[in-house]
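Engineer: What follows is each chain in one-letter form.
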Amino acid sequence: MQDDPLFGFLLAGNAQSRGAVGLKVEEPSFPPQECANTLTNLFVSSQHGTVVHYEAADELFSGLVRAVVYQPNTLVSAFVDEMTCGTYRTFTAVSSLRRKIVDFAQLTPNWDGEGAEPVERETIITGLQLIEHIAIVLERKNTNSVPSVRAFPDGSIFFKWIRGQKELAITVQGRNVEVQRWEPLDAFQSQGLWQISVDATSEHVEWVLT
Amino acid sequence: MGTDLTALGELLGDGENVLRGLNPAHCDGGVPTEGCFILKRNDALNNGPSFGILEPAPEEAETAPIGARQGICVNTFAGLLPSTDYGIARLNVGVALEPIRGRESGFIQNDEARWGPFSRAHAMFTGYQSFGNQERKDLQRHLARIAAKAVLKAPAPLSKS
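Chains as they are written, first to last, in the working numbering: chain H, 1 to 210; chain P, 1001 to 1161.
There could be a bad hint or two in this list.
Each computed DSS-like pair below joins lysine-lysine, with the alpha-carbon atoms no more than 27 angstroms apart [to be verified]:
id: 1; chain 1: H; residue 1: Lys141; chain 2: H; residue 2: Lys160
id: 2; chain 1: P; residue 1: Lys1040; chain 2: H; residue 2: Lys166
id: 3; chain 1: H; residue 1: Lys100; chain 2: H; residue 2: Lys141
id: 4; chain 1: P; residue 1: Lys1137; chain 2: H; residue 2: Lys160
id: 5; chain 1: H; residue 1: Lys166; chain 2: P; residue 2: Lys1137
id: 6; chain 1: H; residue 1: Lys100; chain 2: H; residue 2: Lys166
id: 7; chain 1: H; residue 1: Lys100; chain 2: H; residue 2: Lys160
id: 8; chain 1: H; residue 1: Lys160; chain 2: P; residue 2: Lys1040
id: 9; chain 1: P; residue 1: Lys1137; chain 2: P; residue 2: Lys1153
id: 10; chain 1: H; residue 1: Lys100; chain 2: P; residue 2: Lys1137
id: 11; chain 1: P; residue 1: Lys1149; chain 2: H; residue 2: Lys166
id: 12; chain 1: P; residue 1: Lys1149; chain 2: P; residue 2: Lys1040
id: 13; chain 1: P; residue 1: Lys1149; chain 2: H; residue 2: Lys141
id: 14; chain 1: H; residue 1: Lys141; chain 2: H; residue 2: Lys166
id: 15; chain 1: P; residue 1: Lys1149; chain 2: P; residue 2: Lys1137
id: 16; chain 1: P; residue 1: Lys1040; chain 2: H; residue 2: Lys141
id: 17; chain 1: H; residue 1: Lys141; chain 2: P; residue 2: Lys1153
id: 18; chain 1: P; residue 1: Lys1040; chain 2: P; residue 2: Lys1137
By construction, these hints were calculated from the structure, which means they are not laboratory data.
One chain only, chain H, in its complex shape:
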């Protein structure tokens, strides 16, 4: 089974949809798969928990949607088992974060029974952009540590990340992003409060993961 090539269709590389389900694998034995890197690699986890790595062997067409033939790459299978399980888990965790953010759009006024404000569309969009930055850092750091995320009664989205003695809090409201960091955890006073653009969040994510 693992020697069979897989035929799939995937979206062209696009940083905004990185990690999105852009791949549809039409192979009878496999359900549609999510792809960690939509341009070159496919990781398929079997029911037994093993991960098989397929590389794009040939591009049949070019354009926005590409049809790709994947061939099993047996040479790197051992490496894949070690490394890509983590990648796949990271991808899954980021997808879960993304779903949570999208779900916040369903919150209606007074969603907490105490007058909470809904989460505005612009806040959702900024939150999703933030997740893309988080995903890039996670991939670079090869870690699957992810923040908790929740909606706050003032309509903001709050990301909280605790790792070791470091705590990172990111509050998103509209296009505004506020970052606070604490170290050690029992410190009352944060190291600072930064009002930054969403593109500048990677530095702080790096901090909590280092």
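Could you slot chain P onto chain H? The hints should help.
Structural biologist: Frame of chain H; chain P shown alone:
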């Protein structure tokens, strides 16, 4: 610049304990988050987050005179919350205020008519409105952390709908 809190009501002392209702929507795995203690700069001075004044054990009455005089027990407080799904956390006033000692912020007894015969067991937290953004958020986190250490009744898990 400063706020005269005593003009708003009687200030609770360090020995008092207060009770906070925990909205399940703002808890995570039964633990209160900062969402339970949102402090806004534009909150009215006489309308800060709401607390119940805990009735102390008899031997603690000296250090908690307001609670001894007009406090409320946990079960009665639970009945005043919007729903039985709410959790309850206890906060010691001294511990809550320790990092902002000397600042014009504190817990103040003020009557809550909706609490009927227990109206005088109501307190609010106020004074933080004059704090900067960073310090206010530090304080939110601090309150959530100490509340998490003394959850007397866990909030019900949120139902997934």
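Engineer: Of the hints given before, which are not true for this structure?
Structural biologist: 13, 16 and 17
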